[in-house]
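**Student:** Sequence:
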Amino acid sequence: SEIKGVLSSAMLLCASKPSPFEVDLLQAPADSALGERILASFCSETAAPTPDPILNPKKKIFEKIAKSMSTDDKCVAMYKGQPLVTSAGACYSTLLASANIS
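Residue numbers (the numbering used here): 1313 to 1414.
None of these hints come from the bench; they were simulated from the model.
Not one of these hints is a red herring.
30 Å max Cα-Cα, derived DSSO-like pairs, lysine-lysine:
| hint | residue 1 | residue 2 |
| --- | --- | --- |
| 1 | 1376 | 1392 |
| 2 | 1371 | 1392 |
| 3 | 1379 | 1392 |
| 4 | 1329 | 1386 |
| 5 | 1372 | 1329 |
| 6 | 1329 | 1392 |
| 7 | 1372 | 1392 |
Here are the in silico distance ranges between beta carbons for each label pair:
| hint | residue 1 | residue 2 | range |
| --- | --- | --- | --- |
| 8 | 1363 | 1326 | 17 to 25 Å |
| 9 | 1406 | 1362 | 30 to 38 Å |
| 10 | 1346 | 1406 | 16 to 24 Å |
| 11 | 1399 | 1323 | 16 to 24 Å |
| 12 | 1380 | 1407 | 17 to 25 Å |
| 13 | 1347 | 1394 | 19 to 27 Å |
| 14 | 1363 | 1392 | 17 to 25 Å |
| 15 | 1366 | 1332 | 33 to 41 Å |
| 16 | 1333 | 1365 | 29 to 37 Å |
| 17 | 1339 | 1378 | 14 to 22 Å |
| 18 | 1386 | 1366 | 30 to 38 Å |
| 19 | 1362 | 1330 | 30 to 38 Å |
| 20 | 1378 | 1332 | 18 to 26 Å |
| 21 | 1386 | 1365 | 33 to 41 Å |
For glycine and all other residues, C-beta sits at the position ideal for the given N, C-alpha and C.
Input sequences plus hints: build the corresponding full structure.
**Tutor:** Structure follows, in structure tokens:
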């Protein structure tokens, strides 16, 4: 999709809590390369499936995956209990522990 006329292939992930409503953009480690894939720690880059070029909104793929994503008690982003990582380490929220990720 386009953001202000510029084609964007990125996705932003945020940690959030409903009451009081709080949102925090997830952070990748500072040494991560721009555009690097974020994977669950149990998945290697070579074994990771090839991403779909476009997600079909009717299949609600992200919505199904998001149900298994949250931050842990140390604000680390998790998928099915495993950290979401880049080659430089785990992604994290700077503010929200035990929060949903969307």
